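Modelling step: build the complete structure from the supplied sequences, incorporating the hints.
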Amino acid sequence: MKRNLTQALESWIAAGFRSIGQIRINPQQDGSYELHHTEDTDREDLQLHTAVEDSRTLSFFDDANVYRPLKTAPTLRHGWRLHVRDTRELRTALDHFYPAMTALWLSHLDGKLPSVPLRETLGRQTGMYAATKRLLDDEGQELVGKACAASACAKRMLWSFSADQPLTHLPAADLSSEPRLLADGTREIPLLCQEACNILVAACREVVKKRERAQSPAPKAEGH
Amino acid sequence: MLHKPESALIIVGHGSTVNPDSSAPTFDHAEAIQRKGTFREVHCAFWKEEPSLRQVLHMVDSEDVYIVPNFISEGYFTRTVIPRELELSGPLTLQDGRRLKYCEPVGNHERMCELLLKRAAEVAPGVPTKECSLLIVGHGTNLNDNSAFAAKREVDRIRETGLYGEVFNTYMEEAPLVNEWDSYTTCPNVVVVPFFIADGLHSYQDIPVLLGIEQDTGLAASQRDIFRQNPYHLRGRTLYYASAIGTEPLFGELILDQAALFDLQHSNATPPLET
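Protein chains in written order, with my numbering: chain A, 1 to 224; chain B, 1 to 275.
Just so you know, these hints were derived from the structure itself, not from any lab.
Owing to the predicted nature of the structure, the values given are computational and were not obtained by experimental measurement.
Glycine included, each C-beta is placed from N, C-alpha and C at the ideal position.
Treat the hints with care, as some may be off.
[Stated by the list, open to error] Which chain A residues face chain B? A few, computed with CB under 10 angstroms, are given here:
1) N4
2) F61
3) H96
4) P99
5) A103
6) S107
7) T126
8) E195
9) N198
10) A202
11) R205
12) E206
13) V207
14) V208
Next up, the structure:
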């Protein structure tokens with residue numbers, strides 16, 4: 001069967017999925033949807049948006065208007081509700097709020113989401129990020145425990161540290177692809193991470209550079 | 001006219017973890033192309049933002065996929081990073097039942113010169129171009145990047161038109177340096193067009209300081225209360241500063257052209273997929 005993410009999204013909604021990350025999805029009688037922050041359910045002063053493109057701006061800045069380079073950081077802006085006309089627009093909106101996350105969930109359900117160990121991701125880096133190949137096991141595990149903790153990123157890590165080393169500094173709940181059953185009986189589309197993101201790769205570089213600067217003050221010249 | 005109702009378009013940008021405006025033109029062009037309905041689906045992907053190059057192919061329903069780098073030139077990203085991250089083996093890659101068609105970067109388009117001239121004319125309306133020095137600002141770098149070469153090529157093309165009193169390449173990191181603009185230009189009016197994809201860190205925050213029209217780098221373009229006002233009177237000249245060339249809406253057409261160019265150049269290289 002041909003892949004159709006819009007249809008898959010529709011089937012998940014029909015099966016009782018009502019949230020993803022910090023977004024609540026409320027299907028309407030006419031086939032449209034209304035989205036808002038999961039913590040804004042009881043608010044009556046939400047600002048209504050009806051253009052699906054507004055999802056981009058809403059996803060880009062937090063409550064303090066600070067840029068959110070990591071969309072799965074638990075810092076989604078409050079105070080809005082977004083009305084989208086159909087499932088296609090819902091897909092577009094969710095692709096702005098949580099880029100690729102519904103797609104990765106579908107690939108996971110189809111058995112087509114291979115995970116990549118961190119060592120493999122770092123091993124193929126070139127230019128300025130080639131330094132990440134020198135990351136030590138201990139400092140790497142510690143970094144992942146902080147940078148990928150639920151307080152920093154809501155994704156579930158499906159990747160291991162290396163082919164023979166699991167992630168040791170994250171709780172089991174952060175490593176599971178199982179959708180959570182929420183108190184109201186609805187389910188949540190999980191945010192999956194099949195491979196370390198560029199933000200973590202950049203953080204790995206910083207850890208290596210900081211250690212190497214402390215060991216030897218003379219910096220090595222590097223490209224991009 | 002390009003019509004691809006069964007195909008997907010992926011526009012690849014650099015993105016930034018620091019500046020929210022870096023990805024904006026790539027998203028804007030994607031939305032404009034989506035509205036035209038040329039492709040069945042249009043997606044963006046970024047090196048430093050989400051969706052990443054490692055995620056984006058999961059977002060695609062279509063089997064026929066055009067990938068256009070929204071980059072100002074060939075270089076490290078178009079030749080090394082994008083092919084590596086998308087696991088491309090050449091212009092055409094058959095991967096997991098899909099045809100991935102890797103197109104040339106937007107900056108290679110021959111209409112770039114036309115767009116630079118359009119932007120220069122718009123930013124300084126009514127100013128006689130013969131009494132005007134036009135500066136095309138590039139990054140300039142010793143890295144594996146051809147952005148300086150591409151900027152020189154465009155300046156040569158603009159010079160050939162004979163429209164401007166004088167035309168210069170200028171760079172942030174190599175001579176002729178942008179902060180010395182008043183030492184090598186001679187016309188009373190100076191128009192500056194950043195040869196960048198976005199009004200990101202460089203064109204909106206760094207270059208204005210180098211030019212002398214801002215005291216500090218300040219906030220990102222989208223977070224400023226008041227946008228800059230042209231012209232600026234400084235160093236005995238009248239200076240007009242344009243936004244980055246990549247924010248020009250016509251860039252969307254160039255993206256589509258690069259996809260069409262792939263079909264022209266590789267008309268025999270699109271084998272049927274096994275079903």
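Here's how the hints hold up against the structure:
1. N4: holds, 6 angstroms
2. F61: holds, 7 angstroms
3. H96: Hint on H96/A: holds, closest Cβ of chain B at ~8 angstroms, below 10 angstroms.
4. P99: For P99/A, the interface hint holds, since the closest Cβ of chain B sits about 4 angstroms away, which is under 10 angstroms.
5. A103: holds, 4 angstroms
6. S107: holds, 5 angstroms
7. T126: At about 6 angstroms, which falls below the 10 angstroms cut-off, the nearest Cβ of chain B leaves the hint on T126/A intact, so it holds.
8. E195: holds, 5 angstroms
9. N198: At 6 angstroms from the nearest chain B Cβ, N198/A passes the 10 angstroms test, so the hint holds.
10. A202: holds, 7 angstroms
11. R205: violated, 12 angstroms
12. E206: This hint is violated: E206/A lies away from chain B, its Cβ roughly 12 angstroms from the closest one there, beyond 10 angstroms.
13. V207: violated, 16 angstroms
14. V208: violated, 18 angstroms
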